[in-house]
Amino acid sequence: MTEDLDLRSLARSLPERIEADAEHGEAGLARLALTLIELLRKVLEHQAVRRMDGGTLSAEEIERLGLALLRLNDRMQELKATFGLSDDDLEIDLGPLGRLK
Amino acid sequence: MSPTYLYCLTAPDAPDPPVATVGLDGGAVRRLASDGVDAWVGDVDARPVQATIERIRAHDSVVATALDTGSTPLPARFGQTFGSDDECLAMLSKKHSRMSAGLAQVAGMVEMTVILRVDLDTSSGTAYLQSLARRQHAARDVSSKLAGCIRQSAEKTNQEVLTLSHLVDRAAVAEYLDRLKGLEVKVLGPGAPYSFGPPE
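Here the protein sequences line up with chains G and Y, keeping their order. Numbered continuously in the numbering used here, the first sequence closes out at residue 101. Numbered continuously in the numbering used here, the second sequence closes out at residue 1200.
So that you can see chain Y by itself, here it is in the shape it has in the complex (with noise of 0.2 Å):
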């Protein structure tokens, strides 16, 4: 029996994937019905399964097109499998009430990200800590311009980059664009919510 890799959660009255949807290495993507969550898997040769950009690029693909069917689904993290659908069944059932939960909380909803350059100098001690001021002053400029636009944040840095992720209602992402007119941002969605995962 082939290991069963999983792609993304979707709620039970999700559509299926489509027919021509595209998999990892070409492979077929079907969807593994479960009480009250379901999962869009595949068939993989061997597990673990190995990192590649076309792979990264495959799961992600897939996870979009759930997104494309107007429900929103919980994307896995790349590289996710299962002996079996046995297995991925017996994981959903334990994990069932979180994952409902999960699901719940992004229903209707898209990821919209926000990201920010600011160059730290770290010329001195006041250099640097005015441009730390800087980034994080631009951080709150943004939040406060989508206040009551997002349903949820989530914030990382990485030096000199920021990224702000956003859980936007799908009938507000034009909104939302429209009110970050005009800032120097770069701004990436609608994607799947990869940043808000299920309640603890």
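Okay, chain G solo, but in the shape it has when bound (with noise of 0.2 Å):
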């Protein structure tokens, strides 16, 4: 995956407008930052497996950076948990004919 396509995904994802309705904008904008972080989670895991893949990293950076990686994965699962939304809501690609109103 390349970062410039997610690009091109994600502003898929944006909302045509932001919900006016203070309790489902609460809900949409938690959705829109959750999506963009596990957007960025994304990239990173990739670009540290290229890392440790290139030969780069030393036993101790492989260890620091997949502690980091693990943590930030349990933390979004948390995160997902308490605002009641799934990998699928999180989902860049809408499906094949996105929001058709």
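Incorrect hints may appear among the rest.
[What the hints assert, rightly or not] Partial selection, computed: residues in chain G whose CB lies under 10 Å from chain Y:
1) E45
2) I62
3) L65
4) E78
5) T82
[As the list claims (entries may be wrong)] Sample of chain Y residues facing chain G (criterion: CB under 7 Å; computed from the structure):
6) V1118
7) T1122
8) S1123
9) G1125
10) T1126
11) Y1128
12) L1129
13) S1131
14) A1138
Just so you know, these hints were derived from the structure itself, not from any lab. All values reported here derive from a predicted model rather than from experimental measurement. Ideal placement from N, C-alpha and C gives every residue a C-beta, glycine not left out.
Both chains come to you apart, so use the hints to assemble them.
Following this line, the structure appears as structure tokens:
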């Protein structure tokens, strides 16, 4: 996955308009924020693997990086649970037709 | 007037829904012809339509029927309804150029899916990063095996499960399956192109 492609798909996931209703607005905003964090998390994972594959990281750096990613993943699961969001809710590709209305 | 439920979009030269096609709640499926992009729709009692396993299956089965006519449809996500046929037609006309580009992109294609499972070892940072690497390498192996055989691909990760969706020429499906032989992966398809929408 290239960062370029991700940004393009990300643009599609942005709402056409933000709900003005306070309660829904908050949920929409949480979803948007988590979608962005999830995207960055995936980019970081790919980058970390690339760096490890490249052989430029020391054993200590690998452990530290892996631990950071592991914690980020755990934290993300907690946040998803807190906001009642599933992985599908954070999927940047909105399906074949996206929003029709 | 009952609300109109949208199953999928089809090219104007695609066949009509077979008479026996059964939609949501046993309802009939008909074709709504518009200028350049047609739709397979049905009537529903009320909107929004609550998602149930039976209804999602019915939706998917209508889309599969459309795919089986030989002309690849653009599937709608479950639950898209319009107040009337006219409202649906108005949407088609408004998004016409994007929808016809989307149909052109999937013409002659089907979606194939490869599902990979890589256990994530969380016993240490190093073990975790190594398992992420295994997942990434497995995906790369699949992609290199399929090089030249796929038109487009999409990737989705959900913890241990990695889903790779590919847009494949109908004529290349046998070769696609052949190339994946020997890999420890689950392959689904051919199906309708749910993962490949119209370009922006």
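Checklist entry - When the hints from earlier in the document are held up against this structure, which numbers fail? => result Violated hints: 4, 5, 6, 8, 13, 14; rest satisfied.
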